[in-house]
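Those protein sequences? They're chains L and B, same order as listed.
So the first sequence is numbered by the working numbering: it starts at 1 and just counts up by one.
So the second sequence is numbered by the working numbering: it starts at 267 and just counts up by one.
Derived from the structure by calculation, the hints contain no laboratory data.
Quantities reported herein were computed from a predicted structural model and do not represent experimental measurements.
Beta carbons: idealized from backbone N, C-alpha and C, even for Gly.
Where hints are given, some of them may not hold.
Below 25 Å or equal to it, Euclidean Cα-Cα: the simulated PhoX-like pairs (lysine-lysine) are [to be verified]:
1. B:Lys447 x B:Lys399
2. B:Lys465 x L:Lys138
3. L:Lys192 x B:Lys301
4. B:Lys366 x L:Lys113
Covered stretches of chain L (in silico footprint by chain B; criterion: 3 or more residues with CB under 8 Å from a CB of chain B, positions within the stretch not fixed) [unchecked claim]:
5. 57-68
6. 188-197
So, partial list: chain B residues that the calculated Cβ filter (under 7 Å) puts toward chain L [unchecked claim]:
7. Asn395
8. Ala396
9. Leu397
10. Ser430
11. Met433
12. Gly460
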Amino acid sequence: MNLRMKKIVLSMGICLLSGLGTTNLFAQQDQNAGIIKSSLAGLEYEVKAGFNIGGTAPLPLPAEIRNIKSYNPSLSIGIEGNITKWFGLDRKWGGRIAVRLENKGMTTDARVKNYGMEIIGDGGERVKGNWTGDVKTKVKNSYITVPVLIVYRFNNRLRGNIGAFASYMTEGDFSGHVYDGYLREGDPTGNKVIFADGKTAPYDFSKDLSRFVWGPEAGIEWRAFKHLNVCGDLTWGVNDVFKKDFDTITFSMFPIYLNIGFAYLF
Amino acid sequence: MKFAHLLVCIAFGMTLVSCIRDEALNAEADIVSCKLPGDILKRDPIIENTKVTITVNPEANLKHLAPEFELTPGATISPASGTALDFSLPQYYTVTSEDKNWSKKYEVVCIMSGSITNYHFENVKSYANALLKYSYDILFENDENGNWSMDWASGNAGFALTGSGNMDKSSFPTSSTAEGKEGKGLKLVTMSTGDFGNKVGMPIAAGNLFLGWFDVASSMVNPLKATRLGVPCSYVPLYLKGYYKYKAGDVYKDSAGKIYDNVKDKWDAYAIFYETDDSVKIIDASTRFTNSHLISIARLSDSERVESSEWKEFNIPFVTISGKSVDEEKLKAGKYNISIVLSSSMDGDTFKGAIGSTLYIDELELIH
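One chain only, chain L, in its complex shape (with noise of 0.2 Å):
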């Protein structure tokens, strides 16, 4: 993993200076001339790429849930490109926009006790009941997501900013399976399905997850190099992650992830 992690992060790394590099190569005068005159103006650009660690979670942790037994924060990417625009002579303060596309993903295994499971087949025929045992869950989302935020400047090399966001899920996926336990079918009165040696039952609430999440963002720069920033960006989602009449899991859940990355500063 974290092989491939490395891979990834140098291969991106070289995509973006070469991409730079062969933009100044043709327009080196005009850009120069741009960025300058948008640096007067009080206006900056960057772009940042990283990964998204954390987890759709309930907080606090329901009853529930007895035992988390393993958890993977899985490849989550997101790529972000921004504007801040600085105010007052000092340039102390500024605002900034920015569009980034996203994926918020994990997987668990989760130790439950009398948890609410729903399966809908694909003939539309209902299983529905309450589970204790063992869940496996797969969560992985992609989101446009435009944060507007308010940054502060403590120094050349460190910068803070502060603000919310709001996410409009493309793409989601929130699947897994149980195993090891029983289904009370229906309630815990219902009849007792016993689930072992390797049976394993599918669900799917993927169809059920919200479309837009929003939530406050707080996050750091750090000034590595002239233009390269190392960054720290956490976006807790405030919003359930399904959808309103969604009551099969009894419990809110929320996307709460820590983007780390690089920036390119123009």
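Fit chain B to the known structure of chain L by using the hints.
Coordinates of chain B only, in the frame set by chain L:
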């Protein structure tokens, strides 16, 4: 990058783990076991989700029986465990969960033995689940005095789990039909178990009816073992007789969905008679023809498993397994079991058959 990644993973993981809350009180309200004092039990009590069947010796006094129940931890029962009640009629108990949010009503019945030998399929009750919107038939038989004698077992509860059934009772593989040979009859249909059944490797359900009980709990893990064949028997059976109509479905498939063009589905009827002891109290479908406790088997021959659009009689002799005989003393002591099994697809137990195969049965009789 690597370090930061690791750090965040650890931090996030620890946050979640440290947030695990105290365990909630139990929401289940089950009778886990049932004990009766002395040696009046002829068989282990059969505990289903809302019913306990206690088979007692003929000399037991049903007027004053005080069964003791073990429940889901923390649950309570009313009337209290150990209360003496009159079990010449069914008694009802209510179990309430530890968290007090759920309760379940159990019917507790005592039977002396399954002594009836004529099965007319005239009596039907239903099991309905309002929450999941399905209902299916449970066929039962009364004795000559019109008192309840036994419920037939079927795989309907397992089919219900696949979500393929609905409020129409004929949407289930095993149902009652108004068009019997005389009065009502039995209708068995091989059906698709839909997407869910397919995903768990059980794409069809053959209509089936048998003497014994179906253990829904273990039906997903091992459907053959969940099919428990046998009720007490106090006579030596000679023939299994009855009437049938049969139409095979069009496309014969195996459990992987592979189509066999040259195979035609067949129906099945058989009965097994076997001895019980402390190690073998009941035989499940996995050893129904091979168990060493079997005494005799009545089985249709292949030439008899044919289609018929009119009611046609079948009369199958019990064939004693070589070297086996019946001990009169043990017969009197109620040590033998019998089971009858009817199915709309002969290989339905291994999920092979043709969807739509339909078997009608009526006026079944065990001749002894």
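Here's how the hints hold up against the structure:
1. B:Lys447 x B:Lys399: With Cα atoms ~31 Å apart, B:Lys447 and B:Lys399 exceed 25 Å; violated.
2. B:Lys465 x L:Lys138: Cα-Cα ~18 Å, so holds.
3. L:Lys192 x B:Lys301: holds, 21 Å
4. B:Lys366 x L:Lys113: Given that 25 Å is the threshold and the Cα spacing comes to 17 Å, the pair holds.
5. 57-68: Answer holds; 11 residues pass the 8 Å Cβ test.
6. 188-197: holds (count 10)
7. Asn395: holds, 6 Å
8. Ala396: Interface hint status for B:Ala396: violated (9 Å vs cutoff 7 Å).
9. Leu397: holds, 5 Å
10. Ser430: holds, 5 Å
11. Met433: violated, 13 Å
12. Gly460: Since the shortest Cβ distance to chain L is 4 Å, the answer is holds.
In this structure, the hints that do not hold are numbers 1, 8 and 11, in rising order.
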